[in-house]
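**Student:** Residue numbers (our numbering), protein chains in the order written: chain G, 1 to 242; chain Z, 1 to 249.
Hints were generated in silico from the structure; no laboratory data involved.
Treat the numbers as computed from the prediction; the structure is a model and nothing was measured.
Don't take every hint at face value.
If the Cβ cut is set under 10 Å, some of the chain G residues that face chain Z in the computed set are [unchecked claim]:
(1) D15
(2) L80
(3) H120
(4) E123
(5) A218
Listed next, the stretches of chain Z that the computed footprint assigns to chain G, with coverage defined by at least 3 CB atoms under 8 Å from CB atoms of chain G [what the hints assert, rightly or not]:
(6) 61-75
(7) 82-95
(8) 172-179
Sample of chain G residues at the chain Z side, in silico, Cβ under 10 Å [stated by the list, open to error]:
(9) A3
(10) E8
(11) R10
(12) G39
Using N, Cα and C, we set each Cβ at its ideal position, and we do this for glycine too.
In case you want the letters, here they are:
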Amino acid sequence: MRAYLTFELRRLVRDPRVMFFSVIGPVATYLIFSGWSAGDRLEGLAAPVAVMIGLAGYGAVAGVLMVGSAVSQERAAGWLHQLRVTPLPSGQVVAVKALIGSITAVPPVITVGIAASIQHHVELSAGRWLALLLLMWLGTVPFALLGLAIGYGLSPQIAVPVNFLTFLALSVLGGLLAPATYFPEALQHLAHALPTYRYAELGWRSAAGHLPAPAGLAVLAAWTVLFAAVAAWSYRRSTARR
Amino acid sequence: MNAVAVHLSGVTRRFGAVRAVDDLDLTVEAGTVVALLGPNGAGKTTTIAMMLGLVPADTGTVTLFGGPVSDAVRAGRVAAMLQDAGFVPGATVRDVVELARALYPHPLGTGSILATAGLEGLASRRVDRLSGGESQRARFAFALAGDPDLLVLDEPTTGMDVAARRQFWAAIRTYAADGHTVLFSTHQLHEADDVADRVVVLTAGRIVADGPPAEIRARAGVSTSDSLDAAFLALTTEMPATKAAETEH
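The whole structure should be built from the sequences, with the hints applied where relevant.
**Tutor:** What follows is the structure, encoded as structure tokens:
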């Protein structure tokens, strides 16, 4: 399993386009738009901090979903077939893909954090930064599973647009791009039920010095179970088909 | 060398109304080189897929080295070049070979794998930037890396030029001479003639001839000086007339 992990990490380093898009989008958005709301308080935080966490989550979710749904191309290329006739168990292939996906969450969190500390002098203690990074990484588990569900379930031609639309809907409606505080009430209720909002909430609460909210964890856990079930189902379906 | 590497007994696989493989019995002794011949749609790829556990058999049993296929795969005793298998972009030839070496318990040395597959000088080339023939050689390297007891090759020389083919079959001969078992499918009849100890001719999912190349010629009623092509045509066009009627509905 270590060999396969090394192999995938090398590929990721050699082809950093995934990283590039998941970093450049949120950083540019932050630099351009974070000034608008700078005086407000959002999610119990000064706006520059709240927007920083939202956009870091936006980049993280983008990267994680992209890696997951790229499995669709690997499947079409016959790579998963090739691996199935080696001693590497398929469960480990899936686990490595999920891990690689979640790792792509780290660069956007760090770079948006740097942008925020330069542009708006956002200051957090070293411990808070570390806790934030850790939570924003661990919180991507449901999205890694969602990406794999798309990647194993759909052909590449369909996986790419489905991945993009899912990402756009979840990140916009979940208040990652524009804060949910500015939404009409009905949309706010919707946001609170989405995994993206609850994922960013982990970051917002930790930056404010609070523990994760039980309601938020419950929502995240429910989505994680759902996405895991769909991923397992589409994985089984993809291996049974041929 | 009379241990059994591959054993298929009464194996049938249907795809919809088509019997891709029809009540097939096949035993491959360890240390032999067996060619699987047959026209398109004869069931060669499906047979190979069942041998590797990629496709379950509807009925019948498949064993490798006397045990379940999954055990042999997990133990690293089998490797394959599949028709529909490819590599992922972003990896180099060396990455792919090193991965295969790490996955198998007793791999060959990287240098010798690259030399045998004719990939010297291409080690740091990305697999998505290889030509058709080069990428086929990279797949050979991937299969060879683990020094498997059984090497299964589904139309391995597709896309290779003449020189690459020659080098490929020389490598296969050397590999088989060390007591390894090789099973390959091909449309290139002279390849079967030159390399295989035994030729199995499949038509409509059934074996229509099975024996050394010379015997196949004899059974088809063509003289020994005739090529295997003549024997192949004689065997696969006469026999399946009744089969075709059966599979139509």
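**Student:** Which numbered conditions among the earlier hints are violated in the structure presented, ordered from lowest to highest?
**Tutor:** Failing hints, ascending: 3, 4, 5, 8, 12.
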